[in-house]
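Participant: Taken in sequence, the protein lines are chains P and G.
1 is the number of the first residue of the first sequence in the numbering used here; add one for each residue after it.
1 is the number of the first residue of the second sequence in the numbering used here; add one for each residue after it.
Hints listed in this document are in silico derivations from the structure and should not be mistaken for laboratory results.
Fair warning: there could be bad hints in the mix.
As the list claims (entries may be wrong) - Rough simulated footprint, nothing fancy, chain G against chain P, three-plus residues with beta-carbon under 8 Å:
1) 42-56
2) 84-96
3) 130-141
4) 289-299
5) 353-366
6) 401-407
Think of the CB as a built atom: it goes at the ideal place given N, C-alpha and C, for glycine as much as any other residue.
Protein chains: 2
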Amino acid sequence: MTDTETLVKDMAARARGAARLLAQAGDAAKSEALKRAAAALRTRMAEIIAANGIDMEAGARSGLSAAMLDRLKLDEGRVAAVAAAVEQVATLADPVGQIIDRRTQANGLVMERVRVPVGVLGIIYESRPNVTADAAALGLRSGNAVILRGGSEAVNSNRAIHAAMVDGITAAGLPADAVQIVPTQDRAAVGAMLRAQGAIDMIIPRGGKSLVARVQDEARVPVLAHLDGICHTYIHRDADPAMAKAVVINAKMRRTGICGATETLLIDQDYAAPGELVAALLDAGCEVRADDVLMELDARAVSADADDWDTEYLDSVISARIVAGPEDAMEHITRHGSHHTDAIITSNEAVAARFLAEVDSAIVMHNASTQYADGGEFGLGAEIGIATGRLHARGPVALEGLTTYKWLVHGQGQTRP
Amino acid sequence: MTDTETLVKDMAARARGAARLLAQAGDAAKSEALKRAAAALRTRMAEIIAANGIDMEAGARSGLSAAMLDRLKLDEGRVAAVAAAVEQVATLADPVGQIIDRRTQANGLVMERVRVPVGVLGIIYESRPNVTADAAALGLRSGNAVILRGGSEAVNSNRAIHAAMVDGITAAGLPADAVQIVPTQDRAAVGAMLRAQGAIDMIIPRGGKSLVARVQDEARVPVLAHLDGICHTYIHRDADPAMAKAVVINAKMRRTGICGATETLLIDQDYAAPGELVAALLDAGCEVRADDVLMELDARAVSADADDWDTEYLDSVISARIVAGPEDAMEHITRHGSHHTDAIITSNEAVAARFLAEVDSAIVMHNASTQYADGGEFGLGAEIGIATGRLHARGPVALEGLTTYKWLVHGQGQTRP
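Can you make the complete structure from the sequences, with help from the hints?
Facilitator: See below:
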């Protein structure tokens, strides 16, 4: 075992000890810890901004892009927002201890299924230092111990935020090991986390596609994530044109860089006003990569090539094509989608019901913008991420997705015949 | 890609197609398919028993143990029992389409979480041919396509049972590819299934420890299983002696070969009648491997060595020791348990509540025999297995554990601000 592997193993063992205490910690203690952590973030604001300054300077020297520097940057407003987000998680309902169901058998045994924390979470992330606080808060609120591994470009910012979180946690009488941060920048630490079966229960990567792809490829620990958000909006024949236009523009252009942004527009061949949709997107500053039919409707559209249907642009670009009908639209989504979020716009309830039933994605929408794919918008409070896998938790994952259950059996001395 | 890998990939692709149809198949069609499959098992009984005869002969020639031959054997009674089990699954409630929760947001969006099948299940099992029917039935009932890979010693029996299942499935208008059986005995097929990420959604191994260990070790596809059932029964100071004796004898000796059998007895140092428990086990024909204190109470007990606390005997053997109190008992279970099923016997409700809360096992019992660890006893109908992992499904896994969910969002044209 290398030093880094030993380090990760020791951290995971301490996390398991903390997880045992956290699993028994009440709602009040966990909530109190987060309120105190938020206060500590505010108290330590100058220190956090100074630490961030070191990261920003190093980042500028090493040639980080303006976009990356912006993701890295903390100022008073941003630290205040981080603290407020932690406070908001403190107000969310504690899922731990909820009784999912209870059944009494004829022999008098009572079987109860009760929510418990997953245990030890590994969070692997990139340049955004706010993830340090967000992930720690969601993990702690749901009774889990958390091991954080942030990007090396944010190392000082992350350590400063982590220190504030630990202040709050220990002030509430919870164990400091509840939230640990990997102290080395050795990339082997990530590999050690990914192979820590039995020691880390779940890995959640937060960052770009290359990070998520590496994690999904190497991990032996279960991963909660999505690789792509190739989201579709299908405009059915019976869509209201004003609604279709408003929803498509919002679904693509509100924020182009989020995973719920629509990347492909499918327009029914019998829809009355396809040209309007294309023109509205172009007018809004979106590049439209279109099939031959749509190309003819607006000279500003460019020709899509085969790769476009499998591309998550995360930019002001959309692929667009005509489909023969709902069947054809669903076939396109089956072939090219990423099981994230797909939407139909139609006033035809029967067609909508079929689309909702048959499209095999974590989130399927009727008459709404795919940009709603977000735990906050779903009423789940803050989300740790969106999962496109099929097991455990799917779609926006919030506190409940960070729990599992156990069975409690209450007897009076029953023996099995 | 080898021929076997191509074969498994093609089977999985056909299974995915079938899974899409099954996900939309109604309760009635799935139930009908199973009733017809049960009828086909009865119609083809002579054929199934003849196929089994070939396996039995080959097994005897190749020197299978009497126990293995017994597991392999089918006769009229056993085939009838297999058919009845399939019919019983037909009567279970269909979990698919259940609305888990629904929330309406202030903006009018309605978010619904709806149960859907997991998709494609891979079942890897050993010599019991009844698993062919059981796993196919549970998979189909919950809307999943199933790929079966049974033991080579049961190949003819499994094919005959599979043919009957397909009769029933196609007679009900469902796709034959809903239940497929790997046609080659090449062991590489198992490896190909275990590495079929994205093509097979979940692997369920059914068989002995070496099979489960291989599957857990090699699989990249998520696995639902338990490796060990090192179950504990802890006799607290405040246990009723008559109840303690009855429960311990049942927990160990009712059937020693099942995963829910107690393997270790922990007796509180303040419990009044430890010698009675040891004597009762010995009188019942159980070997007792004890610590020094218990050794002194009965000359028939033998000395436990360090390995005994980590051993699943699946036999008339139990390890037994004195513990200093609930804390010590829980520490022993934490160190040596397998997160399967652990029980406390006590009339002290506060101590029981703490034990139920703190012991981190899939099933924790108070005043009941660990032999109740079984989906049928939990009122879940037939079970596909017991899972000791922490994610997705835990404890006895029945139809619900073979489902996941998706989010449906119902809008009226909402765009995200």
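Participant: Now tell me if each hint is right for this structure.
Facilitator: We went through each hint and held it up to the structure:
Coverage of the stretch 42-56 of chain P by chain G is violated [criterion: at least 3 residues with CB-CB distance below 8 Å; count 0]. For a cut-off of 8 Å, the count of residues in the stretch 84-96 of chain P with a CB near a CB of chain G stands at 0, and the three-residue condition is violated. Counting residues of the stretch 130-141 of chain P whose C-beta lies closer than 8 Å to any C-beta of chain G gives 0; at least three are required, and the coverage claim is violated. Coverage of the stretch 289-299 of chain P by chain G is violated [criterion: at least 3 residues with CB-CB distance below 8 Å; count 0].
As drawn, the stretch 353-366 of chain P meets chain G at 10 residues by the rule of a beta-carbon pair under 8 Å; at three or more, the given contact holds. A stretch counts as covered by a chain when three or more of its residues have a beta carbon under 8 Å from one of that chain; for the stretch 401-407 of chain P and chain G the count is 4, and the coverage holds.
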